[in-house]
Amino acid sequence: MHLVIISGATRPRGRSNTAKIIDAFQKGYKEGGNTVEVWYLSDRKQWAGAAAAFAEQENILIALPLYVENIPGSLLEFLSCLSPKKEAGTRLAFLIQGGFPEGSQSRCCERYLETLPGQLGCEYGGTLIKGDMFGLGMTDEKSRKKMLEPFVEMGRYFADHGIFDKEKAYSFAAPEYMPKSQVRLFRLIGHFVQRIFMGRLAKQMGCKEALDAKPYEC
Amino acid sequence: MKLLVVNTLSEQNEAARAAIRELKGMVSDCKVIHTYEMQLKPCVGCNACWLKTPGVCSIQDGYEEILKGYIEYDATVFLAGTALNFVDYRMKNVIDRILPLVTMYIHIVDGQCRHVPRYDRKYQFGLLYFGIADGDYLNQWMDRVALNMGGSSLGAFPIHQAKEVLSCIL
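Protein chains in written order, with our numbering: chain A, 1 to 218; chain B, 1 to 170.
Chain B extracted, bound-state conformation (with noise of 0.2 Å):
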């Protein structure tokens, strides 16, 4: 299994060097990708990525690695902080610029309006915390940002809990 980690925390974060080390035991190939000081910017709401270069985010700021992490490996799990019961902006950040990955267009699941996919993958982010948060919020926030992305979501644990976020796929 192919798994992408996105550690948002800072390379030096115990936790965090701790659940990588977790993580790359458990699969074949592990690519991480420490965005703590790449300052990824917040998306802007330019619609580019939708309208103008589809599929490509205006902001060029290496945030690029990262998409095309999304759809070369088979899981993505997040290393994040928390802030106000949360996860941390650079984290919000990072889950904002996720909109390439599916187009403009709408289809309608279940009453409710979807983008359709850019590309034919099934998705699945899980979520490890480091802090404070309300841990059955960020399920159901991880549960929908996967539904948006026509993904899954492998859960958001604490962070010492890594072994958790790929139970369920290994």
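Extracted from the complex, chain A is given alone in its bound form (with noise of 0.2 Å):
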């Protein structure tokens, strides 16, 4: 079967976490013989593209990372401009990655997913969330793709499911919220931890201000 990815993530390709994570997806979907075309809307010159994919096709998943509750903007301009399907058949199905770790700061966002399909005239075809996606990016390679190991996985679960299953994707995003014994943990040490990690991240950007400066402060 033929998978058409919309990437909805705004950074470049070579810099993105959504793009890592769609590699690994569609390497477990093309297992059994099934053809993946993938559109990054981080480049505009293939917005048309997209839509014409999305007008074409019946099996579509988006991928996008959770910018402040919901899909990121330019995803939604995207998506506004697309013209809703006449005809039944076509499925629609969503990826959210995400930095923070609990799947439950997903929610909010796959609540209007479960809806969206609706609007343009599609099938619901699920929600897979993963979140601690953060340091994806900047992880040695080893590290990375034991991370990426589980989207290959559930890429052949959706080559053979053609849906993400509520059940499997809720487990998908455990933990829903932090267990207590982590949130122990971080109170002892994340402090200290979190500043050295985001001090070494700073440095190599070449920031020259105090991470948590207050440049309008009144």
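Treat the hints as calculated values from the structure; they're not laboratory data.
Please note that a few of the clues may not be correct.
Straight line, CA to CA, 16 Å or less: simulated EDC-like cross-link-like pairs of lysine to aspartate or glutamate [unchecked claim]: (1) B/68 with A/217; (2) A/166 with A/176; (3) A/214 with B/65; (4) A/86 with A/58; (5) B/68 with B/120; (6) B/31 with B/11; (7) A/214 with B/72; (8) B/41 with A/77; (9) A/27 with A/37; (10) B/41 with A/43; (11) A/146 with A/132; (12) A/85 with A/58; (13) A/180 with B/110; (14) B/2 with B/72; (15) B/122 with A/217; (16) B/52 with A/209.
Join these two chains into a complex; the hints should help.
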């Protein structure tokens, strides 16, 4: 079966965590001889092609980073330009990735995505959620492969089932909330660990200010 | 009370004009920023506002005035168009660019990670929407947006109910 994947990420493909996840997902999806085409909306030149693929194809997955509790504004702009399908038979599924680890962070967005396919003349194919992806592009190759392997597996699952079953997707998104043991650990050492980790990142980016600077303080 | 109105609708939109008139009549100080002609760009996820120039967005397109407004004014009311049963992309772009108000640092609140607010402010955000949308969902979304900023939502209302958005704080 052929699958159209539309990336709603705003970062260019080379720096996009969503793109890395798409690569892993399609690897699993293609194993049984299925085919995939991917469109990246961070490149506006691809919008027309993505819109045409949406109009012509019936098996579509939109992958996106969580942006302030919903889809990124640029993805919303793209979707607003589409003509809703008049013929039944198109299934539209979603994959949300976020920086925070808890699945509950994406539930507000998921609620919206459950209704979105109906607005576009499509059936809902489920939503796959995964958090804790902030460091995906910064980690070493071995760790990245470990982080991406579950998406390869979900690509295989999606090829077999054609949808993201709610129960399966719920367990994939775990933890729903931060476990108490991790909360305790975070309170003990989280403050120091993140100061060191983020301080290093900031230094690499050429930051000269404190990360909690208040440039517009009245 | 000092109120910031961020109008993402056209300045010629009659419903927006009426809402702004009504809001101005309810507060002592009201600043209106019209963004429709500004062509504000979407957030590009560059992380510069967290890790390179903390608190300052890398996109220089006039959004800085809105960022300063969030901090200076007691409450902010957004006027938004709708699309696909939600706010439209112009409004979503405005909200996506709000991230410089928080730092990269994280704390945990009620079992969920939250970014530590950059400023010692209790933001109050309200939404007036023009067009068809799921009002219940917009209320949930505004609650979550405000929660992420360490603030509270004034609610989401159809634009002709402008008075309602300030009813709980006046």
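Hint-by-hint comparison with the structure:
no.: 1; hint: B/68 with A/217; in the structure: holds, 8 Å
no.: 2; hint: A/166 with A/176; in the structure: holds, 14 Å
no.: 3; hint: A/214 with B/65; in the structure: holds, 15 Å
no.: 4; hint: A/86 with A/58; in the structure: holds, 12 Å
no.: 5; hint: B/68 with B/120; in the structure: holds, 14 Å
no.: 6; hint: B/31 with B/11; in the structure: holds, 14 Å
no.: 7; hint: A/214 with B/72; in the structure: holds, 13 Å
no.: 8; hint: B/41 with A/77; in the structure: holds, 11 Å
no.: 9; hint: A/27 with A/37; in the structure: holds, 12 Å
no.: 10; hint: B/41 with A/43; in the structure: holds, 14 Å
no.: 11; hint: A/146 with A/132; in the structure: holds, 13 Å
no.: 12; hint: A/85 with A/58; in the structure: holds, 10 Å
no.: 13; hint: A/180 with B/110; in the structure: holds, 10 Å
no.: 14; hint: B/2 with B/72; in the structure: holds, 8 Å
no.: 15; hint: B/122 with A/217; in the structure: holds, 14 Å
no.: 16; hint: B/52 with A/209; in the structure: holds, 8 Å
Hint violations for this structure: none, all hints satisfied.
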